[in-house]
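So the sequences go chain by chain: A and B.
Mapping of the first sequence onto the numbering used here: position 398 corresponds to residue 398, and the numbering continues sequentially without gaps.
Mapping of the second sequence onto the numbering used here: position 335 corresponds to residue 335, and the numbering continues sequentially without gaps.
Worth flagging that the hints you see were computed from the coordinates, not collected in a lab.
Simulated restraints on C-beta separations:
(1) A602/B - D541/A: 37 to 47 Å
(2) R253/B - A236/A: 33 to 43 Å
(3) D230/A - D211/B: 29 to 39 Å
(4) D541/A - A272/B: 32 to 42 Å
(5) D92/B - D526/A: 30 to 40 Å
(6) A272/B - T340/A: 38 to 48 Å
Only pairs whose alpha carbons sit at most 20 Å apart, straight line, appear in this in silico EDC-like list of lysine to aspartate or glutamate:
(7) K32/B - E644/A
(8) K32/A - E644/B
(9) K301/A - D92/A
(10) K606/A - D628/B
(11) K456/B - D636/A
(12) K319/B - E329/B
(13) K456/A - D636/B
Which bits of chain A does chain B cover? Going by a derived footprint, with three or more residues having C-beta under 8 Å, they are:
(14) 25-38
(15) 470-480
(16) 638-647
Note that beta-carbon positions come from the ideal geometry of N, C-alpha and C, so glycine has one too.
Protein chains: 2
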Amino acid sequence: MTSEAPFSPIPTRDLESAIKAVRFLSVDAVEKAQSGHPGTPMGLAGIAVELFVNQLRHQPKDPSWPARDRFVLSCGHASMLLYSILHLSGYDVTLDDLRDFRQWGSRTPGHPEVGHTPGVETTTGPLGQGIGNAVGLALASKMSEAQLGDKLGKLAAYDVFCICSDGDVMEGVAYEAASIAGHLKLGNLIVIYDDNHITIDGDTSIAFTEDVPARFAAMGWHVQRVDGHDGDALRAAIAEARRSELPSLIAARTKIGIGSPGKEGKSAAHGAPLGAEEVKKTKEAAGWPVEPTFYVPEEAKRPFVTRQKDLDAAYDAWKKAVSSLEPSERAKLEAALSVTVPSLPFEELLAAGGKAAAATRVISGKVQQVVAAKVPNLVGGAADLTSSVKVGISGSGSVSASDYSGRNIHFGIREHGMGAVLNGLALSGRYIPFGSTFLIFTDYMRPSMRLAALMKQRVIYVMTHDSVFLGEDGATHQPIEHLWSLRMIPGLDVVRPADAAECAWAWTHAVERQDGPTVIVASRQDLPVLGRKTTSKATFDKGAYVLSDDANPELVLIATGSEVGVAEEAATILRKSGRRIRVVSMPCVDLFLRQSESDREAILPKGVRRATFELGVTLPWAAIAGSDGILIGLDDFGASAPMERLAEEYKVTPAHVAARIQSAL
Amino acid sequence: MTSEAPFSPIPTRDLESAIKAVRFLSVDAVEKAQSGHPGTPMGLAGIAVELFVNQLRHQPKDPSWPARDRFVLSCGHASMLLYSILHLSGYDVTLDDLRDFRQWGSRTPGHPEVGHTPGVETTTGPLGQGIGNAVGLALASKMSEAQLGDKLGKLAAYDVFCICSDGDVMEGVAYEAASIAGHLKLGNLIVIYDDNHITIDGDTSIAFTEDVPARFAAMGWHVQRVDGHDGDALRAAIAEARRSELPSLIAARTKIGIGSPGKEGKSAAHGAPLGAEEVKKTKEAAGWPVEPTFYVPEEAKRPFVTRQKDLDAAYDAWKKAVSSLEPSERAKLEAALSVTVPSLPFEELLAAGGKAAAATRVISGKVQQVVAAKVPNLVGGAADLTSSVKVGISGSGSVSASDYSGRNIHFGIREHGMGAVLNGLALSGRYIPFGSTFLIFTDYMRPSMRLAALMKQRVIYVMTHDSVFLGEDGATHQPIEHLWSLRMIPGLDVVRPADAAECAWAWTHAVERQDGPTVIVASRQDLPVLGRKTTSKATFDKGAYVLSDDANPELVLIATGSEVGVAEEAATILRKSGRRIRVVSMPCVDLFLRQSESDREAILPKGVRRATFELGVTLPWAAIAGSDGILIGLDDFGASAPMERLAEEYKVTPAHVAARIQSAL
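Please build the complete structure, drawing on both the sequences and the hints.
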């Protein structure tokens, strides 16, 4: 970390009451809810108190202070640990909130949710994700520090502390993210691993016997082992970790449910209330009053009260340093510490895409260059497919351990780690991150994408090679169910552009959207230029629009992405035989479905038969095409062959599509 | 491995021509297809020849010999390596097949596909999966060896060899699976890691600087480093690996595209044809004729011809040993080496489920005990949630490094690793494997589930806590889009039973199905006993059936799983106000959709309005309910609260459902 502890420590003996208060607030809340996880908060209370009292440079009165140190509880099931310590630290989490643990509408849901509870930095629960978010948060600090340069960078830098469990370190996503952190030497990251030897199934030895610190050392981490209940030893280890230029893992041996006469060190302490009798015994053994519940003595509050003065001083000093900057420097700092998106110049994006037939992956890459020039906070990269997915920001370097100032990130062949790190970058509040791979591999990173949606984070995914028409790589690489299974994730917008104009709009939508992530889906193969009358941004803002039309149409043919051009050709064939066809391009089904009924009817008029055409599963299209809809797509796995052959075999050439519609009409 | 090399080695100098043949067959095939990956087969040719000539105990004339050693090419993009070596080894992969590389209907698709090409043991391409499959294959050998005991076990045991790439070892799924292998001390597994320092984006150092062997050592592996182009050193390393009781990693330093004057050691050799001029130069540099292409000199064939005699002898000896067994022993061995499912006693399964209201996770667990008693090849476990998901096979032990004879496997908190290992267990041909976690965490293992479907493997997933009604754990744990996004995977059947009878049927379907995987989805909460007239297996075999009915119904209310009981109550309310309602339970939508139109109409009569009710995304239900369908479900993320409160807030109590239908009618 190469940073000093920010304050002179409050000694371990003065933290005892606070530690007990965290334990019993957690125990009482789980007991009252009759639901939750008491044992881990009990075991981790000492570590949380040490972090929040002696280590974190934060400001409970201003949880969004951009320079605050970040704390991530990766083992989100230990949520009461976080809620208890937030309460004691002075965040707006009251005793009543704790009493409302796991109740409808409370600030204290079963797992911590960012944006919902002050002081919660990320939504955790699905294991491993928090470690990835912490890596992303640490990377964001390193990147903005480097991008701002020496003087301003100091005002941007923060440290990241993460507590994680056995389950977290067993998850592949955490391995991938930790490998990235080691590679990039994120010295501002300290992960404390709760080495309690217990999982739901019992002792970890039944499934997990690896040497975790040695594994992290192999990934380039600084590692230590410590007794997690020895406050002095823990503080010394954190000091040592701060001196290292590498990310640090501190394996802290703890006892789950510590102090519970019947459940200490047992998996019974993990996921169920201790029970009234056991709570009584545990409190008695600790010299803690059995009643009242949710008891917080003055002695427990004292360390936090004492520390608040230092926190105020640090916060005020930062504010003062910022306000004493030259206006241009201050503006530069502020622009780096938050994301403000200028209105994007649609015409310029459009021009960048070019006017020739091209693959949308190529066009998207060109459009992205303009976006990147206008939005300096746009950073990201690919999971080792940069040349295939076309996402590099030209004119900017790659982030590396020796230079974090670039905007291109090489995530390696680690899609899931990439997804979790992207979330951390977004949660820093400083970046609009993008990540890219082949559409098929969204399967590898789906849990992180879902969390981006749940957390309403502006993350952009560029997913190419979007259909069987990637051709020869075959069934293992050809998406079939992916478009629809991504559209099913609440809050995630899937945009599948058909040409340069739709690519320009896709990027505009993804960047300007403030309430969630967007997937931009692109083709491997070249697509034709669509002849449409207008290409203003408004053309696309309903998620669908009429591309070509006949008076009094008898069929609306709806297509997306690479199928739009084929649909147009099919319509031309049908029109030649006298059919009256409206062709609708629907680049964003999610957005179209959010429109008013009348807006939707303007595009899909009632009483006119509909056909849909997309190279993937057809079933959900029935919701748009109706009971008599003609659904053209692919409902089985693909195959390895050149795309022209596949088009013939799957009967999805313009002639085949026209014939299928003709026969259905 | 603690096994000897099966044959005296053919010396390195006698393998040179074979190695060159593998290289140039691969180069020629990629060149002819103008698509594919030449560089990796070139770099790995020596390793493949060593394995297939000197190490593998296999039988090209009988690719399904149950005691054969298994070879897994985890880096499936190097498929031409495998096709070339299979051709030279005498598998039914002809030169014409190689000429047809990546063409429609050929035996040589872009990535290897099991069941499609003789000698291919698993479908690879999505990185990391092959390592997981290899772990599962190795575990299957260890388990059947232990279950059969000393004498018969020897006839069942095989070794597993795997070649993997940088990309494979960077993937989290491979980490998880490797951690399992280390924990279980799978000494019959040797993984050769192609340490070529090159990925698509360039040198691995841009994203990957960890010490891979040290990491594997930390996971309990035996590790070595070797020059991958030094045949003698490689052979010595394999001999050393065979002496270890741990799984072995051999990091083999190779040069991608070796011998190509312009592309050796460069990422340009990775994913595109070398180009005619470069092919010419490379062949000339190797002293290989430029023409004809697909050239195989006698010298290249010789090692394989020589070895075939040993392979025949080993194969015949095994056959003889088996045929000389006592009939009962032989039957026992044969039963262990293949999967034959007896017709399951439906009544017994039904009785096991009990007649009380209970959660389907509990009922499923009881039914599974009967299935396990009838199907000894059923093995599996959970990702550290055994007590929550109720899947342990009682009366059987847990697999451990000291005793592989149990049928319960503790996968640890490694859903994706579990998925890949389950595939390997199924691919062994010896087991029907099951794996279990919460439904939400299918997102973590989706790539493996998709591959199970693509490979048509009989894997059973038991996924519990299947809706927002898991309650207090909140949005991070509550599935919304999962049922439908699983149903979208071609070939994967999703069964969501509503009670004991449907649980009995779910298990019957999953076990008796021979062409793919099944997800059994179960509730956390107790469900009522449904009052239906008949509970024979045939009741459920269409995927849906009429649970209760009125004469001349005006509405069909379709529900699944935990919503069926609520639908029945809602129907009772509606009937009291004079409505004529048919309630349909649809435990398997996939199966229902595969029925004939008339069978479907018998259940969902034409012209009768339909409502659907399932606690998840509603949109795809339109395909079943039709344009005027009433779709009741949840299209946004859930929340943390007791389930009773959630039912009120989301308006999905019987009264609310009845009211919503009433107002829509």
